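Here's the letter readout for the chains.
Number of protein chains: 2
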Amino acid sequence: VSKCAQICTSCAKVTPFALKGKCECGGTLLVHYDLERVRHTMTREALSTRPTTMWRYHELLPVMDLRSVISLGEGWTPLIRVPSLEKRYNLKEILIKREEQNPTGSFKSRGFSVAVSLLAERNIQKAAVPSNGNAASALAAYAAHAGIDATVIVPQDCPEYIVRECVHYGASTYIIDGMIHDAGNIIDDGTEEQGWFNVGTMREPGRAEGKKTMGLELAEQLGWSTPDVIIYPTGGGSGIVGLWKAFKELKELGLISGEMPRLVSVQEEGCHPIVTAVRTNQPVQEAEPSDEVSPTGMRVPYPPDGQLIARMIQETGGTAVAVTKQEIEAAQLEMGGYGISASPEGAATLAGLHKVAADSWLRSTDRVVLFNTSHAMKYVDWAKPFPNVPLVRSYKDVNGSVKK
Amino acid sequence: VSKCAQICTSCAKVTPFALKGKCECGGTLLVHYDLERVRHTMTREALSTRPTTMWRYHELLPVMDLRSVISLGEGWTPLIRVPSLEKRYNLKEILIKREEQNPTGSFKSRGFSVAVSLLAERNIQKAAVPSNGNAASALAAYAAHAGIDATVIVPQDCPEYIVRECVHYGASTYIIDGMIHDAGNIIDDGTEEQGWFNVGTMREPGRAEGKKTMGLELAEQLGWSTPDVIIYPTGGGSGIVGLWKAFKELKELGLISGEMPRLVSVQEEGCHPIVTAVRTNQPVQEAEPSDEVSPTGMRVPYPPDGQLIARMIQETGGTAVAVTKQEIEAAQLEMGGYGISASPEGAATLAGLHKVAADSWLRSTDRVVLFNTSHAMKYVDWAKPFPNVPLVRSYKDVNGSVKK
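Which chain is which? The protein sequence lines are U and A, in order.
Under the numbering used here, the very last position in the first sequence is 404; numbers go up by exactly one each time.
Under the numbering used here, the very last position in the second sequence is 404; numbers go up by exactly one each time.
Chain U on its own, in the form it takes in the complex:
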């Protein structure tokens, strides 16, 4: 008996589960579970005694044999309240989901735990991924743990630490003078000769399903309720797909009820195809990224299925906002002031909060969740001057440097 099938979001055709992301018609395939069956075992009570990794939701993950699971301790990340922000915007609750506490320092651990488990289950020995950085290092780590060869290609302006991280985990690591889709083209060109399995965004079902656990665990951590608003940084968009799917499945299972959370997508000024599509209600167009746009996970000029992402956001009553590099930098420092290490993408959600709050888009009854997708430290720009840290010899020097 198969655990799940796939359904096309375009032609609605149902096909047996396979490691593919696209229907013959070109539509995106989503994994479809027999929720009537899941309902019997994945109860609130059963869940309450399970281990605190994302694999507690194994009925809603497409790995058949749990002995194939490649786990490094992903998921069940903390959710932190920020009372000063709640007060400032007169909101019911503002929570930060600390995805940087995942094994590879980013939310990408989730998707690759599932994707690499699916490869391991099928004895696939070589995987490759085009990435802006964190997906590459996540593949590198999970593939290393599974004994699978990993090849990763990232833009040459990828944060240096992340490139080092890929090498550290033993991946064959390449850089290109171009964007993530250029890296994807190179992998496509070499796939046959190298025998790579391409685990790029929406190329296979594991990554989106893994990200889905962010939504599943958010609902459980909130006592089986949903937040009103989720602000999420968007690149390829499979995070949005995962979140949307999580709440849909939980509703069908009867584990939550009520409205879907309004999904808010954040991208950076200079490369924001999803924001444009959502705000203008037009089909997603390939963006021409400006030279100034930062090399973060949000810089994806042409997401594999932007249409689907935009539709999901609109369906929830959500919105999309572009924030500037300067707003992101200020938000990173603001996050630091709350004691939180936020990547540019994670900080962008705070900048997005400021924006939607200024637009009076939020309601005072809203419970808002920001996703801090990665650690600040992975993005340190070593070209920037080192901060002014006084070298002291005695207390006199310290006292002398204190601002009076």
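Incorrect hints may have been included.
It does not matter which identical chain is used: a pair holds within one copy or between any two.
As the list claims (entries may be wrong) - The calculated lysine-lysine pairs, modelled on DSSO-like cross-linking and capped at a C-alpha distance of 30 Å, are: (1) Lys13 <-> Lys92; (2) Lys384 <-> Lys3; (3) Lys87 <-> Lys126; (4) Lys396 <-> Lys126; (5) Lys22 <-> Lys248; (6) Lys126 <-> Lys355; (7) Lys251 <-> Lys325; (8) Lys20 <-> Lys396; (9) Lys396 <-> Lys22; (10) Lys396 <-> Lys87.
Don't read these hints as lab results, they were simulated from the structure.
From a predicted model like this one, the values you see are computed outputs, not experimental measurements.
Using the hints, position chain A against chain U.
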């Protein structure tokens, strides 16, 4: 009614709980709980439904009013098996406790969550710490979240990222040309004038009690049993104190039974006062660190109460080993090969495993836990040449670079 008192490890005098680390006699004070009272509420059943942070053990933490707790999502870190190591050494189980998944990327989050909560509970507004790095950034983060001013002093060879991190969280950050105790002297000199509360190692009870939760949760995660061996990197030594105390308290509470885990302390060649004391059975002497010894958390030439640490290790039937810088570097790469980002201190526990295994000190029935105390990324040496990562233009370049 007071929740706890303090007891001197030297003269055994019991005094009311206070934010101090030393008895009048000079002995180290440990926190003492009324375990008969704790036994009634901190049951296995009650724990099974509590939130997955270290504050689930609040009965065994000295904060009186839980509304004072400053929490950023610390504790309940994953425990990962490494089957290839188990096979290699023919051991029952080898597990890595992934402390780098704490909020500040290191185990130091635990101690500072408690220490800063104790300050917040008393409305203390200024804290200072001498540190080798990770304690400084943890104080910086938790103090920021609590709205407390933090001052940190670290050696000038402290990893650059960690210095940046302290600044990012808003701490007044200073570097010195010296060791951690030199930084401590400067803080002592300025304490009165600046009104600092010194949260240095063993200066107050919060940090050791916070680290204790590593042991509490290890026992719970292992289904209320103990590992046979714990390998732990040692600097100031409060981690050893915390682990020792955790298992003692759990035994008294009847939550675990049997032998104490054998505690194995690891330090680096060139600065290993605890190792010398344990192996020669002599009192702890101040070490003269060699110029080559790495600027890690283990480089503490004169731990505040080394005697106590050595005694605890010996009492459990444990041991202590010094590993070389080269062995640590090799172990970091080996950890990378398992998909794990390990700091030098965390990797030192793997190097220590190799050493005690080579000495036939382990038994095939042993379940061994290594503590990976921090992320590799916090220690990247930017002076080291960037790894050789080919810039590719097309698949031809990738194929050309593949080792045949």
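Index of numbered hints that the structure contradicts, given in increasing order | 1, 2, 6, 7 and 10
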